[in-house]
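> In the order they appear, the protein sequences are chains A and B. Taking the working numbering, the leading residue of the first sequence gets 1, the next gets one more, and so forth. Taking the working numbering, the leading residue of the second sequence gets 1, the next gets one more, and so forth.
Certain hints may be false.
Unchecked claim - Below, simulated DSS-like cross-link-like pairs (lysine-lysine); rule was C-alpha separation at most 30 Å, straight line:
1. A:K39 with A:K126
2. A:K276 with A:K171
3. A:K173 with B:K153
4. A:K276 with A:K224
5. A:K310 with A:K126
6. A:K39 with A:K224
7. B:K122 with A:K173
8. A:K171 with A:K224
9. A:K224 with B:K122
Claimed, not checked - To spell it out: a stretch of chain A is covered by chain B in this simulated footprint if at least three of its residues, at any positions, have a beta carbon under 8 Å from a beta carbon of chain B; those stretches are:
10. 68 to 75
11. 137 to 145
12. 194 to 208
13. 403 to 411
As the list claims (entries may be wrong) - What follows is a set of in silico ranges between Cβ atoms, one per label pair, in the way DEER data are often shown:
14. B:A275 with A:S105: 36 to 42 Å
15. B:E47 with A:E123: 56 to 62 Å
16. A:N247 with B:L112: 25 to 31 Å
17. B:V83 with A:E97: 52 to 58 Å
18. A:A74 with B:E47: 18 to 24 Å
19. A:E23 with B:V218: 53 to 59 Å
20. A:E152 with B:G137: 28 to 34 Å
21. A:K173 with B:G137: 19 to 25 Å
22. A:G235 with B:K153: 16 to 22 Å
23. A:H130 with B:L14: 53 to 59 Å
24. A:E290 with B:Y108: 56 to 62 Å
25. A:K173 with B:K153: 21 to 27 Å
26. B:Y108 with A:G52: 55 to 61 Å
Worth flagging that the hints you see were computed from the coordinates, not collected in a lab. Treat the numbers as computed from the prediction; the structure is a model and nothing was measured. Here a beta-carbon is modelled for each residue, glycine too, at the ideal position from N, C-alpha and C.
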Amino acid sequence: MKLFTAASAASVLAMTAGAAFAEPKAEVMHWWTSGGEAKSVAVLQEEFAARGGSWTDMPVAGGGGDAAMTALRARALSGNPPTAVQLKGPAIQEWYEEGVLADISDVAEAQGWADVLPAQLAEHMKCDGHWCAAPVNVHRVNWIWANADILESNGIEMPTTWEEFNAAAEKLKAAGVTPLAHGGQSWQDATVFETVVLGLGGPEFYQQALVDLDEEALTSDTMKQVFDEMRVLRGYVDDNFSGREWNLATAMVMNGEAAFQIMGDWAKGEFVAAGKVPGEDFLCAPTPGEGYLYNVDSFAMFEVEGEDAKEGQALLAELIVGPSFQETFNLNKGSIPVRTDVSLDKFDMCAQKSSEDMQADAQNGSLLPSYAHGMALRGAQAGAITDVVTAHFNSDMSSEEAVEQLAAAVANSM
Amino acid sequence: MSDWLGRQIPKILLAPTFLAVLVFVYGFIAWTAWISFTRSRLMPQYEIDGVIQYERLFAAPRWDTAMNNLYVFGTLFIVIAMVLGLALAILLDQHIRAEGALRTIYLYPMALSMIVTGTAWKWILNPGLGIEAMVRGWGFESFSFGWLVDPDKAIYTIVLAAIWQSSGFVMALFLAGLRSVDGEIIKAAQVDGIPTWRIYTAIIIPSMAPIFLSAFIVLAHLAIKSFDLVIALTGGGPGYATDLPATYMYAMAFSRGDLGQAASSAMIMMSVVFAIVVPYLYSELRAKHD
Chain A
1 MKLFTAASAA SVLAMTAGAA FAEPKAEVMH WWTSGGEAKS VAVLQEEFAA RGGSWTDMPV
61 AGGGGDAAMT ALRARALSGN PPTAVQLKGP AIQEWYEEGV LADISDVAEA QGWADVLPAQ
121 LAEHMKCDGH WCAAPVNVHR VNWIWANADI LESNGIEMPT TWEEFNAAAE KLKAAGVTPL
181 AHGGQSWQDA TVFETVVLGL GGPEFYQQAL VDLDEEALTS DTMKQVFDEM RVLRGYVDDN
241 FSGREWNLAT AMVMNGEAAF QIMGDWAKGE FVAAGKVPGE DFLCAPTPGE GYLYNVDSFA
301 MFEVEGEDAK EGQALLAELI VGPSFQETFN LNKGSIPVRT DVSLDKFDMC AQKSSEDMQA
361 DAQNGSLLPS YAHGMALRGA QAGAITDVVT AHFNSDMSSE EAVEQLAAAV ANSM
Chain B
1 MSDWLGRQIP KILLAPTFLA VLVFVYGFIA WTAWISFTRS RLMPQYEIDG VIQYERLFAA
61 PRWDTAMNNL YVFGTLFIVI AMVLGLALAI LLDQHIRAEG ALRTIYLYPM ALSMIVTGTA
121 WKWILNPGLG IEAMVRGWGF ESFSFGWLVD PDKAIYTIVL AAIWQSSGFV MALFLAGLRS
181 VDGEIIKAAQ VDGIPTWRIY TAIIIPSMAP IFLSAFIVLA HLAIKSFDLV IALTGGGPGY
241 ATDLPATYMY AMAFSRGDLG QAASSAMIMM SVVFAIVVPY LYSELRAKHD
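Use the sequences and the hints to build the structure in full.
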């Protein structure tokens, strides 16, 4: 009872004290629950507490965010969304259209986000011209990882064209090494597919085919060549790839069972966690061809009630894009800071290369959103493409048929 | 007064469950039906827009694959599980020694969850870990058993695991049925010198028709709502070769933000269930009236 009176007295005090003294609070929904990721979120949590905020953590594990989305839908429908939710790419726009996102332009302008974020990436964080989300990191998707020893003992250089890659793979195959470590999950098939689209078609073609969904591009001869190359790559994968997780494929490269893996830079986290050194034990290079496919994690800010929650939201946005969190978080996660003014001295050579390329590609207009990781297209369209890609990769479907199905599936998903 | 109360108590006790079922089963069926006629994407919308979702559904090759798989899986699973279950039951019915122990052994897979069954079979059938690797290890280098990674055969691995899981249960159903047949008739037949196989085919099995129907209904609804086994065993792969309607619906609703599409596929699944259950209910009810 005493406790109750004390609590109510405190709440009366808090009310009379007014907004100026409200403790900033934030409820943050995310699905970073595994080792390195959880550590990264804890960093943000500490910074938030150090600034006097009270953080309610709402991790929802499972299904690569599917479970969290289901929880979010229920919360948004009942008119009680969390302060910030881990969302990215077009999904932010989808939620904006439901009319539940907040405007955080005040913070963004005060912090000068427009000056430090690459314009292309900043565009994803805006809804109808105002800021509605805060970016966390940039993952590069079109990486190719290699076991340094295997390449050396077989006299192979890191390939810079797909022909070179095929030649290297044939050589490795003859030597009894699995050329390409791959996991037969549809998103992994899609990851390889988009790097081939970028590599064979170039940035402009990628933009037309996988961002604008231009029918001509989807049914073009270039797209047929892409599917031809996918069929060739299928031959470089071992027989047990079906259903394999991506990190097990990474382990194959690490242990010398396979030579290459095509995967985003989260794979680097696996190498580093196993004590491997980039440049010595394993090599990283962009996949053959030019361009940069990015996957930017971000937090979308939802419309919240109450002065304390609004303050918490502003503080959270400020911290997420702040240089100190950008550095510590990305060192943990294997990605690079989204700000271009953070020093990369503490980062490894792959991250430095990634950052350099990002800035160069941003200038050349070849900084492109990854379709396989939900940056370029909405769920239904991206899913429709992935269905065709994975059906082609896992059967003997001809490239002509795949191209036809691709156009039909995209039209059907609208 | 107490008489009135006595008569009303069952109704009062049942009322909350009745209401709950009305809202949470039939209410949501109606809601899903409504959504299936809208263009709902990420969030439900309530503006009716014709049968567009059904058109999209029937135009999707992935849905074709899913329905085809349901057909293949459902037929093979139900037929083989019933035949195997019946055969096991008849063999166990021969008053053999340690019948109790054997019965338990066959029934045990049912105690596992489908996830466990799926994971175990995933390892057994994986060419690099399971049967293929083992037989090759014995020296048969050319032996190959790669159903799990072959898009044309992967659906049979699901059939295999599902049969392993359920045939013991079917056996228990049939065994109970066999034991319930009037012993006098069987003895009379034996006195007449009729061979045992004839006794089974002409007397015992025909008198077990209701058991067959029950087994069929249980297996059929297991087949249609199969989800966890596919997720654990193949994850729908290779590609989407082992997708079933339930996994299709899940992908649309929860991964792709395409609620309208998910709702329309759910309605089709429900129609399939109704097509099986309604005749059953009808025959049950008619039997009661006779």
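> Return the numbers of the hints above that this structure violates; sort them in rising order.
4, 6, 9, 11, 12, 14 and 15
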